[in-house]
Structures are given as C-alpha cells and as structure tokens.
Amino acid sequence: MTMNFKELESLIKEAFPDATLEIKDLAGDENHYSATVISSKFNGKTKIEQHKMVYNALKGKMGNELHALALKTKEKNGPTT
Amino acid sequence: MDQQLKEQISNEIKTNDVCLFMKGTPDSPECGFSMAVANILKLLEVKFKGVNVLENQNLREGIKVYSDWPTIPQLYVKNEFIGGCDIIKEMFENGELKKIFQEKNIPHKS
Chain A
1 MTMNFKELES
11 LIKEAFPDAT
21 LEIKDLAGDE
31 NHYSATVISS
41 KFNGKTKIEQ
51 HKMVYNALKG
61 KMGNELHALA
71 LKTKEKNGPT
81 T
Chain B
1 MDQQLKEQIS
11 NEIKTNDVCL
21 FMKGTPDSPE
31 CGFSMAVANI
41 LKLLEVKFKG
51 VNVLENQNLR
61 EGIKVYSDWP
71 TIPQLYVKNE
81 FIGGCDIIKE
91 MFENGELKKI
101 FQEKNIPHKS
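Chains as they are written, first to last, in my numbering: chain A, 1 to 81; chain B, 1 to 110.
Each hint should be verified, as a subset may be incorrect.
Stated by the list, open to error - Okay, derived cross-link-like pairs now, EDC-like style, lysine to aspartate or glutamate, Cα gap no bigger than 16 Å in a straight line: (1) LYS47/A <-> GLU80/B; (2) LYS52/A <-> ASP68/B; (3) LYS23/B <-> GLU61/B; (4) LYS47/A <-> GLU61/B; (5) LYS41/A <-> GLU75/A; (6) LYS47/A <-> GLU93/B; (7) LYS59/A <-> GLU55/B; (8) LYS72/A <-> GLU90/B; (9) LYS61/A <-> ASP68/B; (10) LYS74/A <-> GLU90/B; (11) LYS47/A <-> GLU90/B; (12) LYS72/A <-> GLU93/B.
To be clear, the hints were calculated from the coordinates, so they are not data collected in a lab.
If we strip away everything but chain A, and leave its shape as in the complex, we get (with noise of 0.2 Å):
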C-alpha cells in the first residue's frame, strides 16, 4: 500500500488549483506523508470540512492506497476577482 509523490501532489492540486503546496514524504516509504495545503477553498469552513474536502479529494485513497497523510490546512485570503 503505497501512493507515489506526484500522484498525491496532483490530486490535491487538481481539487485545489489555487493551492499553495508542500508535501513531504516523511519516510521515504511513500507512505507516510505530511501535506499543508493553503487554499481559498477552504475560506469559512470548519476544520472538520476542510480536511473532509481533501480527503475527497484522494477518492477515497486515504486509509487505503495511502497510510497516513498528516494534514494540515489553511485558508488564503487575498484579493478576490
């Protein structure tokens, strides 16, 4: 049960366009992974929903393909179009 870098990188981005990133494989086992994912996505959401989203965004991945994810979550705010 592994899950490589580039693969959960670009599930997270493709969920999260605006998405500032960074991954770290903590083991170098791709299977124990911390991510920080910074998104206006998350703006006015609780912390619950916020990891749910992605979560969802692994397509139920998480728990399987992949062990453990240490998430970390943060709104951005900026200027808005």
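Dock chain B against chain A, hints included.
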C-alpha cells in the same frame, strides 16, 4: 451499514462524554497517531473511554462510515465528532480543545 453496529457506536458516544476510537488502548496504544491523541487527553487530565477498534474489524470499518472520516483515531465529545489526530493536535496547541472541554462542561486540568 449494519443497524446493530450503528447502535453500538451511537451507544458508545452517548454513554461516554469523551470517547476515543483508537488502535490499541489508552495504556497500550498500537499506533503513533492514536497514542498522540490519548496523550493529549491524559495531559489535560480528561477522563475518557478508549475504544479499541483493533478488537473488532466491523467496528474499525464502521466508525469510518459513521463519522464519514477515513482514519483512526477519532475523538467524540458529548456525542459530537471533534476530529482526528491532526485536528486534535492543532486544537490542543492553539487552546481550542480546552475551550471545547470548558464549553461542554468536561472536567479537565485548567
């Protein structure tokens, strides 16, 4: 999901003000993430029930469906899902977790 399992879960979180679904037990956690949350609750001197999902495969999968949350541990306070390991750690660090215990009248270290 199975009605009986659903009732078992809702019974646990109703009868225990602070209920942690975890891998292993509070005294002998079997996963680092579960240990982190159990340790935070111990630090805050909060009395909690640890439910070991490793003892029951149905429960282990069922709690994920029940909470719509893909990972273990999961913390419930007074029947409300508070979060998993990352959220609890963050809330502990910024003081929000203590606030929740205060608001919900859960005895804890002040």
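Restraint check for LYS72/A with GLU90/B, where alpha carbons must lie at most 16 Å apart
holds, 9 Å
Pair hint outcome, LYS41/A versus GLU75/A [Cα-Cα no greater than 16 Å]:
Cα-Cα ~7 Å, so holds.
Taking only the CA atoms, is the gap from LYS47/A to GLU93/B under or equal to 16 Å?
holds, 14 Å
Between LYS72/A and GLU93/B, is the straight-line Cα distance small enough, at 16 Å or below?
holds, 13 Å
Are LYS52/A and ASP68/B close enough, with their CA atoms no more than 16 Å apart?
holds, 8 Å
Does the alpha-carbon distance linking LYS23/B and GLU61/B stay inside the 16 Å limit?
Judged against 16 Å, a Cα distance of about 12 Å means the pair holds.
Tell me if the straight-line CA distance from LYS61/A to ASP68/B falls inside 16 Å.
At roughly 14 Å apart (the allowed maximum being 16 Å), ASP68/B and LYS61/A satisfy the hint.
Given hint GLU80/B paired with LYS47/A - CA-CA distance at most 16 Å
holds, 14 Å
Is LYS47/A close enough to GLU90/B, meaning Cα to Cα at most 16 Å?
Holds, at about 10 Å.
Given hint GLU61/B paired with LYS47/A - CA-CA distance at most 16 Å
violated, 23 Å
Restraint status (C-alpha distance of LYS59/A to GLU55/B at most 16 Å)
violated, 27 Å
Mind checking the alpha carbons of LYS74/A and GLU90/B for me, to see if they're no more than 16 Å apart?
holds, 12 Å
Checked against the numbered hints given earlier, the structure breaks hints 4, 7 and satisfies all the rest.
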